[in-house]
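Trainee: Sequence:
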Amino acid sequence: MASMDPKRVVQVNDLTVRFKTPERVVEAVRNVSFHVDRGETLAIVGESGSGKSVTSLALMRLVEYGGGRIVNGGMLLRRRNGDVLDLVNAPDSTLQRVRGADVAMIFQEPMTSLNPSFTAGNQIAEALQLHQGLDAAAARAETLRMLERVRIPEARAILDRYPHQLSGGMRQRVMIAMALSCKPQLLIADEPTTALDVTIQAQILQLIRQLQEEMDMGVIFITHDMGVVAEVADRVLVMYRGDKVEEGGSDDVFARPQHAYTRALLSAVPRLGAMHGTDEPAPFPLLKVEDAARQAEPAAARVAQPSTVRRDNGPVLKVRDLTTSFDITGGIFGRVQKRVHAVEKVSFDLYPGETLSLVGESGCGKTTTGRSLLQLVKSKSGTIEFDGQNIGALRGSAMQTLRRHIQFIFQDPFASLDPRMTVGYSIMEPLLIHRVASGAAAQERVRWLMDKCGLAPEMIDRYPHEFSGGQRQRICIARALALNPKVVIADESVSALDVSIQAQIVNLLLDLQRELGVSFLFISHDMAVVERVSHRVAVMYLGQIVEIGPRRAIFENPQHPYTKKLMAAVPIADPQRRHRERSLLVDEIPSPMRKLGDDPLVEPLVRVGEGHYVARHSVGVY
Numbered sequence: 001m002a003s004m005d006p007k008r009v010v011q012v013n014d015l016t017v018r019f020k021t022p023e024r025v026v027e028a029v030r031n032v033s034f035h036v037d038r039g040e041t042l043a044i045v046g047e048s049g050s051g052k053s054v055t056s057l058a059l060m061r062l063v064e065y066g067g068g069r070i071v072n073g074g075m076l077l078r079r080r081n082g083d084v085l086d087l088v089n090a091p092d093s094t095l096q097r098v099r100g101a102d103v104a105m106i107f108q109e110p111m112t113s114l115n116p117s118f119t120a121g122n123q124i125a126e127a128l129q130l131h132q133g134l135d136a137a138a139a140r141a142e143t144l145r146m147l148e149r150v151r152i153p154e155a156r157a158i159l160d161r162y163p164h165q166l167s168g169g170m171r172q173r174v175m176i177a178m179a180l181s182c183k184p185q186l187l188i189a190d191e192p193t194t195a196l197d198v199t200i201q202a203q204i205l206q207l208i209r210q211l212q213e214e215m216d217m218g219v220i221f222i223t224h225d226m227g228v229v230a231e232v233a234d235r236v237l238v239m240y241r242g243d244k245v246e247e248g249g250s251d252d253v254f255a256r257p258q259h260a261y262t263r264a265l266l267s268a269v270p271r272l273g274a275m276h277g278t279d280e281p282a283p284f285p286l287l288k289v290e291d292a293a294r295q296a297e298p299a300a301a302r303v304a305q306p307s308t309v310r311r312d313n314g315p316v317l318k319v320r321d322l323t324t325s326f327d328i329t330g331g332i333f334g335r336v337q338k339r340v341h342a343v344e345k346v347s348f349d350l351y352p353g354e355t356l357s358l359v360g361e362s363g364c365g366k367t368t369t370g371r372s373l374l375q376l377v378k379s380k381s382g383t384i385e386f387d388g389q390n391i392g393a394l395r396g397s398a399m400q401t402l403r404r405h406i407q408f409i410f411q412d413p414f415a416s417l418d419p420r421m422t423v424g425y426s427i428m429e430p431l432l433i434h435r436v437a438s439g440a441a442a443q444e445r446v447r448w449l450m451d452k453c454g455l456a457p458e459m460i461d462r463y464p465h466e467f468s469g470g471q472r473q474r475i476c477i478a479r480a481l482a483l484n485p486k487v488v489i490a491d492e493s494v495s496a497l498d499v500s501i502q503a504q505i506v507n508l509l510l511d512l513q514r515e516l517g518v519s520f521l522f523i524s525h526d527m528a529v530v531e532r533v534s535h536r537v538a539v540m541y542l543g544q545i546v547e548i549g550p551r552r553a554i555f556e557n558p559q560h561p562y563t564k565k566l567m568a569a570v571p572i573a574d575p576q577r578r579h580r581e582r583s584l585l586v587d588e589i590p591s592p593m594r595k596l597g598d599d600p601l602v603e604p605l606v607r608v609g610e611g612h613y614v615a616r617h618s619v620g621v622y
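Using the UniProt record's numbering, the letters of the sequence shown map in sequence onto residues 1 to 622.
Derived from the structure by calculation, the hints contain no laboratory data.
What you are looking at is a predicted structure, and each value in this text was computed from that prediction instead of being measured.
Worth double-checking, as some hints may not be accurate.
Below, computed lysine-lysine pairings styled on DSBU-like, alpha-carbon distance capped at 30 Å [to be verified]:
| no. | residue 1 | residue 2 |
| --- | --- | --- |
| 1 | Lys378 | Lys452 |
| 2 | Lys345 | Lys318 |
| 3 | Lys183 | Lys452 |
| 4 | Lys318 | Lys486 |
| 5 | Lys565 | Lys595 |
| 6 | Lys380 | Lys338 |
| 7 | Lys338 | Lys595 |
| 8 | Lys378 | Lys338 |
| 9 | Lys565 | Lys318 |
| 10 | Lys595 | Lys378 |
| 11 | Lys183 | Lys345 |
| 12 | Lys345 | Lys378 |
| 13 | Lys595 | Lys345 |
| 14 | Lys564 | Lys318 |
Here are the simulated distance ranges between beta carbons [said to hold, decoys possible]:
| no. | residue 1 | residue 2 | range |
| --- | --- | --- | --- |
| 15 | Phe118 | Tyr425 | 24 to 34 Å |
| 16 | Pro604 | Phe118 | 53 to 63 Å |
| 17 | Arg24 | Gly330 | 53 to 63 Å |
Just so it is clear, CB atoms sit at the ideal spot from N, CA and C, and this is done for glycine as well.
Whenever a hint applies, use it, and build me the whole structure from the sequences.
Mentor: What follows is the structure, encoded as structure tokens:
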């Protein structure tokens with residue numbers, strides 16, 4: 001039997017993982033070594049495609065199912081019973097018992113990681129029955145307890161819902177509950193808070209820390225968010241193109257980074273407050289690794305440029321009293337018993353060349369608002385006008401023409417790409433459907449879009465499963481921009497991207513806005529990015545807009561208590577400040593589901609400044 005230090009949970013030595021395709025051989029990870037001790041958190045950081053996720057999949061011995069092969073190195077794991085297991089040479093029967101029980105993983109894309117045929121409750125209960133030997137009733141009770149621990153409102157109702165009935169953040173929390181349910185020795189968290197808003201993110205990070213202390217669990221935290229790294233990591237391992245370039249204590253890496261790439265990562269982190277004193281959006285600085293040693297944020301990045309907003313001819317999009325709700329049926333007759341008030345009397349204008357950001361918690365109605373604008377979700381009441389035309393009256397070909405001018409970048413990139421199509425054809429498809437271009441002209445347009453979004457031309461004939469999460473998001477952005485739309489609804493379009501690619505994409509959106517006058521409805525929970533790109537910001541809470549105004553007013557002088565809580569929950573890229581006092585929503589998050597006739601209170605917005613409006617109620621009065 002192999003041996004290692006008694007306090008060690010996992011030891012990896014000289015790990016090399018290779019992927020072989022008919023065209024080439026790729027070494028995704030080269031000679032990477034690290035260890036994790038009991039109660040310790042190791043953060044693995046790096047760009048999209050740097051080998052972070054491949055390293056974690058190798059630890060779970062799942063990399064073989066994606067076409068990879070461990071060609072060199074050793075991996076030792078201390079199991080719950082104290083035995084040390086050689087993961088590289090372990091048989092499949094042993095690995096099946098290890099996965100979920102001794103090693104658990106929170107995957108990056110919850111929609112593709114959850115089984116669409118089973119309810120959320122059944123999927124968590126299955127792991128408990130398999131690994132802990134609980135009967136069905138005990139497993140269901142423990143499942144409910146875990147869902148409540150990850151702060152899911154109406155947890156009992158969520159037990160019997162399917163993944164497609166949950167928001168992105170809800171699905172991610174179900175994944176976290178499933179991973180933690182069997183109290184593993186080692187938790188591998190691959191971008192676990194990417195889909196979560198800042199308040200839930202802070203609570204989930206706190207929850208993982210609490211469970212880590214209770215169970216003396218080792219954690220490998222894979223992320224591109226340096227603010228999250230500063231909050232949770234004891235040690236940091238930096239990867240770049242498959243190689244380990246730096247490893248050290250969290251304080252040392254943040255205060256005294258040694259490698260140029262680490263310095264580039266840290267200097268590219270969007271920081272809340274960086275736009276203080278400016279009114280217009282500004283591009284992110286693009287830092288190259290070789291320049292990082294001498295570059296801080298260049299002054300040019302802070303120079304406000306002329307406004308792109310054109311108010312002469314009125315708004316391009318005008319929304320008044322938009323209300324969208326979903327009926328919940330039950331009982332033997334299937335009658336409507338409750339109603340989810342997803343969007344409640346939402347009103348706003350969007351002008352040509354303007355970016356309006358919608359921010360708020362997971363499940364607050366941001367995505368439903370965006371989908372309602374394109375009639376992807378049927379609204380109950382209210383009006384939506386595009387260029388003076390009532391969208392609600394459009395049908396058939398008229399609606400198809402409208403969708404050429406309003407495009408949507410969806411939250412889950414893998415679910416929104418056809419797995420049977422090459423990415424080149426996926427990007428080209430809108431051009432062919434709307435007869436904008438064909439043949440050589442369409443192919444040239446695809447290459448231009450891929451180049452603009454940071455994708456190499458040789459990737460044109462690959463399929464979605466061959467890309468990392470961040471690369472798939474860029475493909476979706478390229479597809480949405482193919483038709484030169486007037487309005488783009490970007491639903492968490494940069495949340496899955498590492499900081500360097502995030503900067504490129506945000507700068508691309510700003511460039512297109514300047515060149516083409518395109519308007520953006522930017523749905524996001526990343527407050528630092530929202531501060532950078534927005535002209536105006538609308539804060540949503542339980543389906544209502546509770547504060548709306550110019551970006552500078554919202555960030556420098558927030559009025560609504562909920563807006564202040566959102567700002568306070570943003571992680572800061574400084575390990576010295578991880579224990580700062582923060583006002584969080586620590587009570588149960590209210591549910592938008594209500595009994596029939598119990599409609600939510602919608603307070604009118606009161607003007608508190610130039611273009612700045614606030615709902616005069618406290619959080620919780622719904």
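Trainee: None of the hints should be skipped; say for each whether it holds.
Mentor: Cross-check of the supplied hints:
no.: 1; hint: Lys378 / Lys452; in the structure: violated, 34 Å
no.: 2; hint: Lys345 / Lys318; in the structure: holds, 13 Å
no.: 3; hint: Lys183 / Lys452; in the structure: violated, 44 Å
no.: 4; hint: Lys318 / Lys486; in the structure: holds, 14 Å
no.: 5; hint: Lys565 / Lys595; in the structure: holds, 28 Å
no.: 6; hint: Lys380 / Lys338; in the structure: holds, 15 Å
no.: 7; hint: Lys338 / Lys595; in the structure: holds, 5 Å
no.: 8; hint: Lys378 / Lys338; in the structure: holds, 18 Å
no.: 9; hint: Lys565 / Lys318; in the structure: holds, 29 Å
no.: 10; hint: Lys595 / Lys378; in the structure: holds, 21 Å
no.: 11; hint: Lys183 / Lys345; in the structure: violated, 43 Å
no.: 12; hint: Lys345 / Lys378; in the structure: holds, 14 Å
no.: 13; hint: Lys595 / Lys345; in the structure: holds, 18 Å
no.: 14; hint: Lys564 / Lys318; in the structure: holds, 27 Å
no.: 15; hint: Phe118 / Tyr425: 24 to 34 Å; in the structure: holds, 32 Å
no.: 16; hint: Pro604 / Phe118: 53 to 63 Å; in the structure: violated, 44 Å
no.: 17; hint: Arg24 / Gly330: 53 to 63 Å; in the structure: holds, 55 Å
The structure does not agree with the numbered hints 1, 3, 11 and 16 stated previously, though it agrees with the rest.
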